[in-house]
Amino acid sequence: MAESNNIIIKNARGYIGAFGSRIDKLANETSLAAGITIVPAAPYHITLITKDELRQLTTDLSDKIDTLYENATKIDTKNIFSLGLGGDPKGVCWVVIIWNAGNIFRKKYGLSTKQFHITLSNN
1 MAESNNIIIK NARGYIGAFG SRIDKLANET SLAAGITIVP AAPYHITLIT KDELRQLTTD
61 LSDKIDTLYE NATKIDTKNI FSLGLGGDPK GVCWVVIIWN AGNIFRKKYG LSTKQFHITL
121 SNN
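The sequence shown begins at 1 in the working numbering and counts up by one.
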């Protein structure tokens, strides 16, 4: 696993995501500023590739999935930026994230660009 700026890219529960103390710090700072006190059951993270996307890539790439994961661990994580709090009328809250290197990686594997975020609520 590559580690850069206290962020680790890893496979967790069937998806590939960015985890670490810097992700926790972004989430905690935004939660505190917004008065959100409920902590999600799962660790704070930014999903790079969802379970469904990974399943599809596994089918399409067969034996190349190990290479995909190895390449994911090398993504630049130094330039991940928070734009602040986002949410919806149902009460779900998240930190809006800009991560160009994440989207460049996704495009390389034929995935659409993603609006990255860190989920703050369990709703």
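No lab work stands behind these hints: they were computed from the structure.
These figures come from a predicted structure and were not determined experimentally.
Be careful, since some hints might not be right.
For lysine to aspartate or glutamate, the following EDC-like pairs were computed, each having C-alpha atoms within a straight-line distance of at most 20 angstroms [claimed, not checked]: (1) K114 - D76; (2) K78 - E29; (3) K107 - D24; (4) K107 - D88; (5) K90 - E53; (6) K51 - E70.
What follows is a set of in silico ranges between Cβ atoms, one per label pair, in the way DEER data are often shown [what the hints assert, rightly or not]: (7) E70 - N5: 13 to 21 angstroms; (8) N71 - R13: 32 to 40 angstroms; (9) K51 - D88: 35 to 43 angstroms; (10) T67 - A34: 24 to 32 angstroms; (11) G35 - K74: 18 to 26 angstroms; (12) N71 - S112: 14 to 22 angstroms.
We treat Cβ as the ideally placed atom computed from N, Cα and C, and that holds for glycine.
Which of the listed hints are broken here? 3, 4, 5, 8, 9, 10 and 11
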